[in-house]
Amino acid sequence: MCFAFAGFTIFLIAWLVAEIAFRAIPAFREYGLNFITGTTWDPNKSRYAILPEIWGTLYTSLLALIGGSLFGVAAAVFLSEGYLSEAVFKVLRIFNLHFHPIWGKLPERLELLLKNMIELLAAVPSVVYGLWGLFVVIPMIRPYCNWLHEQFGWFPLFSTTLSGPGVLPAVFVLSIMILPTITAISRDALVSVPPKLRMAAYGLGATRWETILGVLLPTASRGIFGGIVLGFGRALGETMALAMLVGNANRLTVSLFSPANTLAALLANSFPEASAREIPVLMYAALVLLAITLIVNIFGALVLERAAAKAEAK
Amino acid sequence: MSKDSRSGVVAEAISNPLEGVNFAELELSLYRPRTLINIILSSVVTLITFLALIPLFAVLWMLIWRGGQKLSLSLFTQLPPAPLEQGGGFGNAILGTLVMVGLAALISVPLGVFTGVFLADAKNSKLAGAVRFAAKVLTGFPSILAGVFAYGAAVLTMGGFSAIAGAIALSILMVPTIILTSESAIGMVPARMKEASIGMGATGAQTVWMVLLPTAMPGILTGVMLAVARAAGETAPLLFTALFSNYWITAGGHLNLMQPTASLAVLIYNFSGMPFENQRELAWAAAFVLVLIVLIFNLIGQSFSRTQVQQ
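Note that the protein sequences, when read in sequence, are chains A and B.
The first sequence lines up with residues 1 to 314 when you count with this note's numbering.
The second sequence lines up with residues 1 to 311 when you count with this note's numbering.
The hints are simulated quantities; they were obtained by calculation from the structure and are not laboratory data.
No false leads were mixed into what you were given.
PhoX-like, lysine-lysine: derived pairs with alpha carbons at most 25 Å apart:
(1) A/Lys90 with A/Lys115
(2) A/Lys115 with B/Lys136
(3) B/Lys126 with A/Lys310
(4) B/Lys136 with A/Lys310
(5) A/Lys105 with A/Lys115
(6) B/Lys123 with A/Lys310
With beta-carbon atoms standing in for the labels, derived distance ranges:
(7) B/Ile37 with A/Glu86: 15 to 23 Å
(8) A/Phe99 with B/Thr46: 23 to 31 Å
(9) A/Ile94 with B/Val44: 19 to 27 Å
(10) B/Pro214 with A/His100: 33 to 41 Å
Values in this document were obtained by computation on a predicted structure and should not be read as measured data.
Beta carbons: idealized from backbone N, C-alpha and C, even for Gly.
Construct the entire structure; sequences and hints are all you get.
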């Protein structure tokens, strides 16, 4: 019986793909590959194409990935190096409490608390991040963004004003959302670097950061890379925060302040009121999103699996 | 160079190993670039980590400040207000969220746990590897696509938006978490317990029911709670499967699962886009309640995993 259930899991993925692909067939017949390369979305003339959405999805995810991995990997280093417990230990030593039965546990406890707090970032529902972005982040950053536009308007990134929802707030919230994924996986990779490598580096006279940059990060690079790829997969599929913050404008843009659209946000906004004619079209768009995220996720899972296999072989 | 002179050089180096070493260069001082870089990078990493935590506190603070202010008992008992109407609450959305998450758990827990049993049992078979890989890929599956799937598989075939369709979409997101955590929980049951059970003449099914599952229960419950917490906060899969409703799911005196159903997450999304102050206030209050529910499930899950560690 367990065998049947396990088989069902694989069947489930196949069913997911088949269901969406099957429903997309009519749209595929009608629009073919023009659907992916065109730029108009006009339900009145029933002309549909999703290049701006594909571009928006990749653009916001890549930008969020830059922020998310910078902060995520740095936080992973901070956690795996035990900076916090070291600092607390030093403070306790001043008061001569560092081996006290209760106070002595404080460094470990705080370290664990910090790790849990970073993981808590992932527990907050994305619609709540969307709400926060809409009513807190956008009003807060708008004056600075418009100042940037006035001063550096010639620069493509700042070529429009931020009038409300736009790429930058979406990217900002998105990078917060993928940070915990990247931090958790990178931290695991850094912690599982064999201690003897670190000892050897210290023994050769390397400073802490020479060790981190020269030994720890290269050794853990596969795991970190896998974490970044999975974070990218999460960013691609993230829906609610983007549907609320990105502006839902069907346009191809590189400006950070202009509204844009992503595949997931398009689905979220169009599906509830979709007419029977539109459903195959939206299914086609879902199929494109499915293809992109499955490729990224399978790639990430493979990288992590090979990293784990390599670590075991040592 | 002859062999003689080379051994002479070696001998000299051994007799005076520190000759030619510039001691000033080895000294660790702030004026040396390598120490300076070390300290700068350490501070940068510390700064970045605490910067990363600011959004968490900012979100929590806004929730408590704007959502907590509005909190009152009537929120839990009244229905959502019409535009321009004052007051109102989201009792039906809380009930709808709990009903749909419960239904999703009914679907996904048996599937996930039995798959976990299979994986722990047949560790190295090819099928197990494939299933495990499938579960890992499903973990990163975009939640909106689960909604699209449920739309195709349930809404279109059953002829309308319903709580069942919402629950199906949520269960797809819960299954992989439950599979992976229950596999690791069952894998941690000592092999000797299983062997003892089989040695006493128990069948495979009896061993699973009476030994493996009870022993691994805390770990499995942790996974279930984490999955429930995630599902409770999901919006995208519910948007066009359960849709939304301004009425109680129990309207008419009995639970009707075949009608559009309200949920907290969709309520937040709908109300945040409205231009009315009262609705926005309600969205904040709903967000506060939703985060509380999610955190409570998370904490329950973690308390289970703690009891397991103590065993």
